Amino acid sequence: MDIDVNSVPTSEGDRSSLQHSISSQDESSLKIPKSFSFLAPSTRLGCCIVVGLLLRIILLAFSVWQDENRWPDGQLRFTDVDYDVFSDASRALIRGDNIYEARPTYRYSPLIAAIVAPGFMFSPTHTAKQPVDSETESFFYPPLIRLSPLTKSNQDPLLAKIWGKLVFIFADIVCAWLQFEVIRTESTVLFKHKTAGHTETTAVWLICLGWLFNPVTAVVSVRGNAEAVLGVCILGCLLLVIRKCALFAGVLFGLCVHLKLYPIIYAPSIYLWLLPFTKNHSPLSLKRRLWLLLPRWPHVWFGIGAITSLGGLTYLGYLYFGGYRFLHQAYFYHFTRVDIKHNFAPHFYPLYLLSGLEWRQSGLTESGTISDILPIGTARRLYSRLQNTISSLMYNSNEAQEPLSSVFHFTIQSILQDAFQLRLMKLAFSLASVLPSIILICFLAFRLRLKPGLCWFTTTFAFVTFNKVSVK
1 MDIDVNSVPT SEGDRSSLQH SISSQDESSL KIPKSFSFLA PSTRLGCCIV
51 VGLLLRIILL AFSVWQDENR WPDGQLRFTD VDYDVFSDAS RALIRGDNIY
101 EARPTYRYSP LIAAIVAPGF MFSPTHTAKQ PVDSETESFF YPPLIRLSPL
151 TKSNQDPLLA KIWGKLVFIF ADIVCAWLQF EVIRTESTVL FKHKTAGHTE
201 TTAVWLICLG WLFNPVTAVV SVRGNAEAVL GVCILGCLLL VIRKCALFAG
251 VLFGLCVHLK LYPIIYAPSI YLWLLPFTKN HSPLSLKRRL WLLLPRWPHV
301 WFGIGAITSL GGLTYLGYLY FGGYRFLHQA YFYHFTRVDI KHNFAPHFYP
351 LYLLSGLEWR QSGLTESGTI SDILPIGTAR RLYSRLQNTI SSLMYNSNEA
401 QEPLSSVFHF TIQSILQDAF QLRLMKLAFS LASVLPSIIL ICFLAFRLRL
451 KPGLCWFTTT FAFVTFNKVS VK
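The end of the sequence shown is residue 472 by the UniProt record's numbering, with every number in the run present.
Hints were generated in silico from the structure; no laboratory data involved.
Okay, derived cross-link-like pairs now, DMTMM-like style, lysine to aspartate or glutamate, Cα gap no bigger than 25 Å in a straight line:
1) Lys244 x Glu186
2) Lys260 x Asp97
3) Lys451 x Glu186
4) Lys260 x Glu227
5) Lys260 x Asp88
Label-pair distances were calculated between CB atoms; the ranges are:
6) Leu55 x Leu316: 34 to 40 Å
7) Tyr352 x Asp73: 29 to 35 Å
8) Phe461 x Phe213: 18 to 24 Å
9) Thr188 x Gly74: 53 to 59 Å
10) Asp73 x Gly323: 40 to 46 Å
11) Tyr320 x Leu261: 16 to 22 Å
12) Thr188 x Pro157: 44 to 50 Å
Note that the structure is predicted; figures quoted are calculated from it, not measured.
C-beta: ideal position from N, C-alpha, C; glycine also.
Could you build the full structure based on these sequences and the hints that come with them?
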């Protein structure tokens, strides 16, 4: 850069103006032409989505090969066992059977089986229970199997093996796009963010590193886990909540709760988000605060949508899938599920120890004579039978019957009392361990009520951290 010596600044103001002109000229000389600028954030995200989809397709092809060859020991499978459960339920659905009776371990919404079912529509391995022209009623009449050609093959076609996985992969990709839309909506529409371009660029990086190219999320959907379907519903509900489309957000929220119960934890944050904002930073009276917490019309519309979708889907499931059996398998079972090993909660170990003591005390073990560990109900029935047997065998000796019966009665009652105390202790500890989750969910809903995306993330994180599968 050439500078005229005659224009050398003599004052401090001239020096500053000269430095400003030099820096501006340097910036203009280093400015990258528009033709070499990076793509728009949405375009970059689209390219990353295509690459992420190709990655999942490659993993899908490998899953088919691995399931066939079981490399290296002949036993290792790539597909998750849950996908086998979905497949069996889908076969039962197509045959016209009750999915909860055909596969007792299927404890999900019928919608998951319906999603996987199209892959088995033309599978030749399912034979109808009755002839085509039979009038015998099946669970669904006429059964969907009448639409599929029957052949002599005993193996599922490739489409039946990968259809559900393809749906889950597609849902996984949609989750990435919904994440971008949620971040962009919060930054540009709700909070009037002035650096929207920078925020979108950061969002693309986070989504690529944390989701699209994350091997955990990629493998989960390819293995046949249906969590991506629920993820689409939750993220779609979040996006509609941010945009305050109360009715449609309620419809998706009801669908989320129908698929799995845990999205109910987002209800407090949704309620607070739909309340009207106040820009008055002065202290408010208690009466005014209570008035601001009262439900408004958005809450009414949200409730109508949620009750309609959740109630309608539950009613259809109750009507077509076995009544109370559907309610138990899809909902009630998860309230009484005992599986203390499949969680990372900090309080799982005391529950594990209490469970072991409970089962040990509830059995009748006497110097190895009775080696089986019996539940409390079985021990009580055994006690009643033994007492009746002793009474019938010793009816001729009243003097010997009384002391032997009293000793036997005292021994069994002490065992049952200890077992009952252990179960009571376990129940009290189990209920007390729920309090951290409830307190954190309510606290985070109030603390982060103006940032729904962050609020839902921290609520989920807190719920998973303190979640316990054992509630019994």
